[in-house]
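Hey, can you work out the whole structure from these sequences and the hints?
The listed protein sequences derive, respectively, from chains A and B. Per the working numbering, the first sequence starts with residue 1, numbered consecutively. Per the working numbering, the second sequence starts with residue 306, numbered consecutively.
Hints were generated in silico from the structure; no laboratory data involved. Bear in mind that the values here come from a model prediction, so they are computed numbers and not experimental data. Beta carbons are placed, not taken as given, at the ideal position from N, Cα and C, and that holds for glycine. Any given hint could turn out to be false.
[What the hints assert, rightly or not] Subject to a maximum C-alpha distance of 30 Å in a straight line, what follows is the list of computed DSS-like cross-link-like pairs (lysine-lysine):
1. Lys533(B) - Lys112(A)
2. Lys697(B) - Lys221(A)
3. Lys58(A) - Lys221(A)
4. Lys676(B) - Lys254(A)
5. Lys93(A) - Lys310(B)
6. Lys199(A) - Lys112(A)
7. Lys254(A) - Lys310(B)
8. Lys338(B) - Lys139(A)
9. Lys676(B) - Lys221(A)
10. Lys199(A) - Lys676(B)
11. Lys112(A) - Lys93(A)
12. Lys676(B) - Lys508(B)
13. Lys517(B) - Lys221(A)
[To be verified] Simulated restraints, written as ranges between beta carbons of each label pair:
14. Phe687(B) - Gly111(A): 34 to 44 Å
15. Glu129(A) - Met377(B): 56 to 66 Å
16. Phe446(B) - Ala194(A): 37 to 47 Å
17. Arg46(A) - Leu524(B): 40 to 50 Å
18. Gln528(B) - Thr255(A): 23 to 33 Å
19. Trp257(A) - Ala444(B): 48 to 58 Å
20. Pro145(A) - Ala444(B): 51 to 61 Å
21. Thr671(B) - Arg46(A): 41 to 51 Å
Listed here are the chains, written in short residue letters.
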Amino acid sequence: MVVATEPSLLLERHDGYFCSRFHAMASPCELLIETTDQALAEHLGRLARDEALRIEHKFSRYRDDNIIFQINHSHGQAVAVDEETADLLDYAKFCYELSDGMFDITSGVLGKAWRFDGHTAVPDEVTIEQLLNHVGWQKLNWSRPQLILREGMQIDLGGIGKEYAVDRVAGLVQAQTDCSVLINFGGDLFSTRARQAGKAWQIGIEQPDYDKLHKQAVANKLIEITTGGLATSGDARRHIIKDGKRYGHILNPKTGWPVHGAPCSVTVAAVSCTEAGILATLAMLQGEHAEDFLVTQDVPYWVVR
Amino acid sequence: MQLKKPKPIRRLLTAATSTLLAGTAQQVVAAEKTPWQVDSAFLYYSEQDRVTVYEPVVAVRQETGDDEFVGMRLVLDSMTGASPNGAIPTDSPQTFTSPSGVSTYTTPAGETPLDSSFHDTRAAISADWEMPLDERLKAVFGGNFSREYDYTSLGVDATFSWDLNQRNTTLTTGLSMSQDQINPVGGVPTGLSPVPTTAGGQKSTEGDSETKDISGLLLGMTQVIGPKTLLQVNYTFADEQGYLTDPYKLLSVLDNSGQLRASDPYVYEKRPDSRQRQALYVKGVHQFGADVLHASYRYYWDDWGVTSHTYDLHYRYELAGGRHYLQPHLRYYLQNKADFYHYSLEDNNIPAYASADYRLGDMSTTTIGLKYGLVLGESHEFGARLESMQQKAEGDAPFEDNTAVIFQLNYSFLF
Numbered sequence: 001m002v003v004a005t006e007p008s009l010l011l012e013r014h015d016g017y018f019c020s021r022f023h024a025m026a027s028p029c030e031l032l033i034e035t036t037d038q039a040l041a042e043h044l045g046r047l048a049r050d051e052a053l054r055i056e057h058k059f060s061r062y063r064d065d066n067i068i069f070q071i072n073h074s075h076g077q078a079v080a081v082d083e084e085t086a087d088l089l090d091y092a093k094f095c096y097e098l099s100d101g102m103f104d105i106t107s108g109v110l111g112k113a114w115r116f117d118g119h120t121a122v123p124d125e126v127t128i129e130q131l132l133n134h135v136g137w138q139k140l141n142w143s144r145p146q147l148i149l150r151e152g153m154q155i156d157l158g159g160i161g162k163e164y165a166v167d168r169v170a171g172l173v174q175a176q177t178d179c180s181v182l183i184n185f186g187g188d189l190f191s192t193r194a195r196q197a198g199k200a201w202q203i204g205i206e207q208p209d210y211d212k213l214h215k216q217a218v219a220n221k222l223i224e225i226t227t228g229g230l231a232t233s234g235d236a237r238r239h240i241i242k243d244g245k246r247y248g249h250i251l252n253p254k255t256g257w258p259v260h261g262a263p264c265s266v267t268v269a270a271v272s273c274t275e276a277g278i279l280a281t282l283a284m285l286q287g288e289h290a291e292d293f294l295v296t297q298d299v300p301y302w303v304v305r
Numbered sequence: 306m307q308l309k310k311p312k313p314i315r316r317l318l319t320a321a322t323s324t325l326l327a328g329t330a331q332q333v334v335a336a337e338k339t340p341w342q343v344d345s346a347f348l349y350y351s352e353q354d355r356v357t358v359y360e361p362v363v364a365v366r367q368e369t370g371d372d373e374f375v376g377m378r379l380v381l382d383s384m385t386g387a388s389p390n391g392a393i394p395t396d397s398p399q400t401f402t403s404p405s406g407v408s409t410y411t412t413p414a415g416e417t418p419l420d421s422s423f424h425d426t427r428a429a430i431s432a433d434w435e436m437p438l439d440e441r442l443k444a445v446f447g448g449n450f451s452r453e454y455d456y457t458s459l460g461v462d463a464t465f466s467w468d469l470n471q472r473n474t475t476l477t478t479g480l481s482m483s484q485d486q487i488n489p490v491g492g493v494p495t496g497l498s499p500v501p502t503t504a505g506g507q508k509s510t511e512g513d514s515e516t517k518d519i520s521g522l523l524l525g526m527t528q529v530i531g532p533k534t535l536l537q538v539n540y541t542f543a544d545e546q547g548y549l550t551d552p553y554k555l556l557s558v559l560d561n562s563g564q565l566r567a568s569d570p571y572v573y574e575k576r577p578d579s580r581q582r583q584a585l586y587v588k589g590v591h592q593f594g595a596d597v598l599h600a601s602y603r604y605y606w607d608d609w610g611v612t613s614h615t616y617d618l619h620y621r622y623e624l625a626g627g628r629h630y631l632q633p634h635l636r637y638y639l640q641n642k643a644d645f646y647h648y649s650l651e652d653n654n655i656p657a658y659a660s661a662d663y664r665l666g667d668m669s670t671t672t673i674g675l676k677y678g679l680v681l682g683e684s685h686e687f688g689a690r691l692e693s694m695q696q697k698a699e700g701d702a703p704f705e706d707n708t709a710v711i712f713q714l715n716y717s718f719l720f
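Here is the structure:
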């Protein structure tokens, strides 16, 4: 992933709000800012872009100059991490325990066996067994601020990075303005407060591609968000089909195999984007029981199957 | 199988997340909006020197529950112009009485006789209700009603779709039934009886109205072949019983010398009162990047001896990142005639059934068209389509070729 050194920032004026666009974390990012003050909109756009790029730079596992690279290439040596990284590791540990091991930031190495581009062969059991030796939060040693990773293990904060960035930007924006701002990083989003005159931001949830093939035009689901976060897990385009069997891209970190019966996508609304993202991911990991899980959590949700 | 109930974890998660973020949010307010989806279209169809049709359509659809929808559709057809009445062109002018029997029209020598009293307005309304019966099983129930001055139709249908194989396969079965009533102007003419040739002449009739019952069955399968490819196969069967004749069509009767016979030169057509129609349809859809290709073939056959092949191809070119698209369309239709199709009849050799309707003859049509679409944000889409259709007599069928222009505007929006 190549990140442009001077990414462009686009500002558009719409009816009643400004839209600031940029690209970060491999996603189109935008801020919808309900204001007539162009200088404010430009300022917030810059603030958001800088924060998104800072988080990407710091936590992307595709770079060789950040803390994640240092941890993943520590060869069993202890790495002392900064406060923010420590907070995220504490949070990852909490989510691992809360989900009985289903949410695991060490599961990324399984991606070596599974490439969900629609064509690659299904890996054999032996390959997966070998990779599973390097998966499992319980195998690493985390004693704030010190992390010891066994040789061959890796961590990846990609599962919460984008949602975390949305919430961080929301915090920065709220410190600057009282107007309603929608922060949308590739479909994970947060609305800082209600818009004027009872209006809400409208979000479309994309339907699976094969539904688009089936019908000439499929109306996307439309969600109105007034305040809070919204995150979507799942991507209907990422799967393998082999011998007529469809393998979704949601991997169970305990077995190394795709979760059976996972929905195409799960969208959850919660008080923060990060929380919505964790709930959406955990729901996907429940496979055919995704809806049962979401009903128990008592959150607004939308499942596309 | 899951044995234990999922545990509630949200409160704990909220607390931990707020520690991570130093508390940004207070509450969440989000709800799904279920706008009305409105599709409107206006179609103009015009055959050279013949029929012109104006057809506005409005359809609305609303989500009424989880994956549950109701829809309604209203179509108005307004037809004007002239249509071949079935008689052949001759060396001298021909005079016909209109179906009502009160007036006459004359066709000049050498021209295909066209009945210009042909104008009509049809209104059709249909409604459907789509609902999930099970996580994998969907049902659509529909009803339709249409009315024009001499024709009324009432129908119901039900379609069930069953997703299998992790939704890579969908099996579909549909049943439909309709009952039509025909009230021809001037009564139902007796099949193959002479057509009066002077205004006020009496035709032989069999009452004022007739009925027609149609039952249909659809069996279909849609298979996802790969992430970008889809294959659909359908078999349809329809059984029609009742009055299947066109009460306004006639045939010319020729004598031994090949001239119109002196007395009663025209007779009303007569078709069998039952028909079994079947068709096999195969369609492939493939995505090339953002573009989509649709290719289909249909083979049709019925117990009247009609067989046909339809080849249809359209390709959607996405332009400007999906903001516009262009869609060229190519269609070829080739038909073999019905057993009782006759261009004209011979005196003293009148068969049990006969029709000179070119739509039952050996013919082909070729359609070439282009559609332009403009996507205006999430909820508005505009389209314009222009097509040209060439209809040709095939083999030694001597009827006249024809061309038609089709122009359609459509606009879809949410509100």
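inquiry  = So, against the hints stated earlier in the document, which numbers end up violated here?
reply    = 2, 3, 4, 6, 8, 10, 12, 13, 17, 19, 21
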